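Participant: First to last, the sequence lines map onto chains A and B. So for the first sequence, numbering that gives the first Met the number 0 puts the first residue at 0; every next one is plus one. So for the second sequence, numbering that gives the first Met the number 0 puts the first residue at 0; every next one is plus one.
These aren't lab readings, by the way, just hints derived from the structure by calculation. Just so you know, these numbers come straight off a predicted model, no measurement behind them. Hints are supplied without guarantee of correctness; some may be wrong.
As a list, the in silico SDA-like pairs of lysine to any residue whose alpha-carbon atoms are at most 20 Å apart [unchecked claim]:
no., chain 1, residue 1, chain 2, residue 2
1, B, 286, A, 389
2, A, 401, A, 389
3, B, 286, A, 41
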Amino acid sequence: MALLKSTKILNGVGAQAPVLAVLQLRASSWWTEVQMGPPDPILGVTEAFKRDTNPKKMNLGVGAYRDDQGKPFVLSCVRKAEAQIAAKKLDKEYLPIGGMAEFSKACAQLALGPDNEVLKSGRSITVQTISGTGSLRVGANFVSRFHNVSRDVYLPKPSWGNHTPIFRDAGMQLMAYSYYDPKTCGFDFKGALDDISKIPEKSVIVLHACAHNPTGVDPKPEQWKEMAALIKKRNLLVFFDMAYQGFASGDIDRDAWAVRYFIEQGHNVLLSQSFAKNMGLYGERVGGFTVVCKDAEEAKRVESQLKILIRPIYSNPPMNGARIASTILSTPELYKEWLVEVKGMADRIIKMREMLVSNLKKEGSTQNWQHVTDQIGMFCFTGLKPEQVERLIKEFSIYMTKDGRISVAGVTSANVGYLAHAIHAVTK
Amino acid sequence: MSIFGEVPQAAPVAVFKLTADFREDQNPSKVNLGVGAYRTDECQPWVLPVVRKVEKMIADDHSLNHEYLPILGLPEFRSSASKIALGEDSPAIKDNRVGAVQCLGGTGALKIGAEFLRRWYNGTDNTKTPVYVSAPTWENHNAVFSNAGFEDIRPYKYWDAGKRGLDLEGFLGDLESAPDHSIFVLHACAHNPTGTDPTQDQWKKIADVMKRKSLFAFFDSAYQGFASGNLDKDAWAVRYFVSQGFELFCAQSFSKNFGLYNERVGNLTVVAKDQDNLNRVLSQMEKIARITWSNPPSQGARLVAIVLNTPELFAEWKDNVKTMADRVLLMRAQLKEKLKALGTPGTWEHITEQIGMFSFTGLNPKQVEYMVKEKHIYLMASGRINMCGLTTKNIDYVAESIHEAVTTVQ
Chain A
0 MALLKSTKIL
10 NGVGAQAPVL
20 AVLQLRASSW
30 WTEVQMGPPD
40 PILGVTEAFK
50 RDTNPKKMNL
60 GVGAYRDDQG
70 KPFVLSCVRK
80 AEAQIAAKKL
90 DKEYLPIGGM
100 AEFSKACAQL
110 ALGPDNEVLK
120 SGRSITVQTI
130 SGTGSLRVGA
140 NFVSRFHNVS
150 RDVYLPKPSW
160 GNHTPIFRDA
170 GMQLMAYSYY
180 DPKTCGFDFK
190 GALDDISKIP
200 EKSVIVLHAC
210 AHNPTGVDPK
220 PEQWKEMAAL
230 IKKRNLLVFF
240 DMAYQGFASG
250 DIDRDAWAVR
260 YFIEQGHNVL
270 LSQSFAKNMG
280 LYGERVGGFT
290 VVCKDAEEAK
300 RVESQLKILI
310 RPIYSNPPMN
320 GARIASTILS
330 TPELYKEWLV
340 EVKGMADRII
350 KMREMLVSNL
360 KKEGSTQNWQ
370 HVTDQIGMFC
380 FTGLKPEQVE
390 RLIKEFSIYM
400 TKDGRISVAG
410 VTSANVGYLA
420 HAIHAVTK
Chain B
0 MSIFGEVPQA
10 APVAVFKLTA
20 DFREDQNPSK
30 VNLGVGAYRT
40 DECQPWVLPV
50 VRKVEKMIAD
60 DHSLNHEYLP
70 ILGLPEFRSS
80 ASKIALGEDS
90 PAIKDNRVGA
100 VQCLGGTGAL
110 KIGAEFLRRW
120 YNGTDNTKTP
130 VYVSAPTWEN
140 HNAVFSNAGF
150 EDIRPYKYWD
160 AGKRGLDLEG
170 FLGDLESAPD
180 HSIFVLHACA
190 HNPTGTDPTQ
200 DQWKKIADVM
210 KRKSLFAFFD
220 SAYQGFASGN
230 LDKDAWAVRY
240 FVSQGFELFC
250 AQSFSKNFGL
260 YNERVGNLTV
270 VAKDQDNLNR
280 VLSQMEKIAR
290 ITWSNPPSQG
300 ARLVAIVLNT
310 PELFAEWKDN
320 VKTMADRVLL
330 MRAQLKEKLK
340 ALGTPGTWEH
350 ITEQIGMFSF
360 TGLNPKQVEY
370 MVKEKHIYLM
380 ASGRINMCGL
390 TTKNIDYVAE
400 SIHEAVTTVQ
């Protein structure tokens, strides 16, 4: 008689032979050896949060903006754009492989500035992608296939958790350069320069354009300048990840400064953009991938290859979100309204940071919390240790990832006091 | 010196180049029989009335937002879409051994399925596992599987150019000679590009061999409802395989049957032996989705879920689908009649025997070139035409042109 295929079950029940007969045999299946995938660490936080019945619970896990009532926020300019689009009664024909041309153009203009020489000369190509992830994936595949001089991608330590598996799956090797200094909860500038100076030529280096995820720690302009010069000297291929333009400081030009500076200094960069956060279009999957080339002719060749990469993944991108973004970016009144709304989101985050620090002081905390207001963007690396995070979850129902990262977007004027109280309790 | 100095110019994707060329053509008689998208008798794209209705519902509902969907997609969409493929009363669904991943169109569903199979199907490295695709097949099948890492992609005999029908003997022969555990990509209905489907009896024979040799069935279902006008009829093959105990994948597209082409609405339905196996498979597919697009777009899935889960809207949708299928059937009948009336040499029964959007006319490359260059009628080099490009206004011109091509070009 065919016995259990899996020895795991046998080991589990010991030598109780008669019992085996009544155990449910794992049915013969193609998938018997498929392991259960580990739960996504970030989404796992939300799952646990949902199960918690404590009325004071707080979800400081996933990076999605919440208003001061803790609710998802649909921008008014988005609603207006949607109404405009609906009135046009457009068809649903396939977009080109590279997406909506008007979107790609507006996307590049937003990042580089409308008067950028790169755009005027036509020496860049921008394709519409499935938000930031899709952009990084296309970019990783492109680098893997065409950047034959190096397999190495250098990420800042730490970086967004999904960067590593994306580049690895594309066939690249992951390395790291120092970035975050846990002692100061700030930028390890000297460590970064030291590490970058040793990166082998022609390697790919990933830079977070603004609002570094997960730390919220960004280089200052003078520091960016030194990094740009060193990276040029090392002849590295720069890959910018810009998921928070406008969302970090509230100013779209300020947040794109590093990208523009690098290009000005002669770096022909790769750039991933996301409109998930700055336009609140998360689930519509709106993003762009840009390659700055030597000239227009090269840009055409690169474009043709990007299409070859995209077609076997999803053929062509979804229209809805790109049309909304494009409408906003190219309609003056909506664009103006968007700038105000994105600043509004950034300002609320900044205010919550200030309130958290002042509340911690009120609680009597003697720790240095300056990094909370020094850091920028949606996330804050609190400096809390895993045991302290554990306590926050278990004793206070405050959910965050084990690395002590909190999404400041989850903080409101109503719960910031409770948060400060809890943090003080586990750190005093 | 640029790092991209050596990047070669890639050839354009043929079907999109055809449409680009069509657009540039100034000739007033031009006809586009290329890309597979439905057209009305006025040769216009058609947004289904039920789609417009639900779009408005969504736009007016200010309680809705644009938050991220779960990685695997919108639950209501996934389950209702699987029900469409397998049937409301599917025993497999009742046994809790059916799951799904919302994907970016049918292409995305094939992609996730292919990536999963390469990692987990038969051992943890399936790069050498043969993947069989029909000869001919949708031109992107090859690229999807090879980009997923499969190194051995082979054709299985399918189209018999001589008799202009299914080469069943060749098909069964290739199934027999395939290494056990090979993966077969099967078109659930309305085969693209030939429009030639196996009959139910032929499907039974195919399933027999596949079961005996443990061949994996990966169905591509892009035209359910669109082929015959009847959802259940078009899903017969998939449901038969499920009833025979196969574990299988079915990549579903809602591009054509919902006319939602650019919203990228797809579903990868997974049928496993039991819930435990299913859960492990889905957990691994989740990891693949996360590094490909993180989570899928919400608009299209939301819309489809509302329709599939609302009885009146569901009925209206089925009606819209039948409208499209019926127009295609009418054009098939008329084209065949006209070619017969013209006395065009050859047999033209296949025009009405074939099913779905496409027809493999049997025109050879030279004749196709003639059609494109001399007559400004755009069709694929394979001789494939999109029946939706035909209208009561252009059908005479097309029939006459085919007649000319066949009689004057060898």
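Participant: Decide, hint by hint, whether the structure agrees.
Facilitator: Hints, verified against the model:
1. Our distance criterion of 20 Å between C-alpha atoms is broken by residue 286 of chain B and residue 389 of chain A, whose separation comes to about 25 Å.
2. Distance check on the hinted pair: residue 401 of chain A and residue 389 of chain A sit about 8 Å apart at the alpha-carbon level, within 20 Å; holds.
3. Restraint check: the Cα-Cα separation between residue 286 of chain B and residue 41 of chain A comes to about 13 Å, which is no more than 20 Å; the hinted pair holds.
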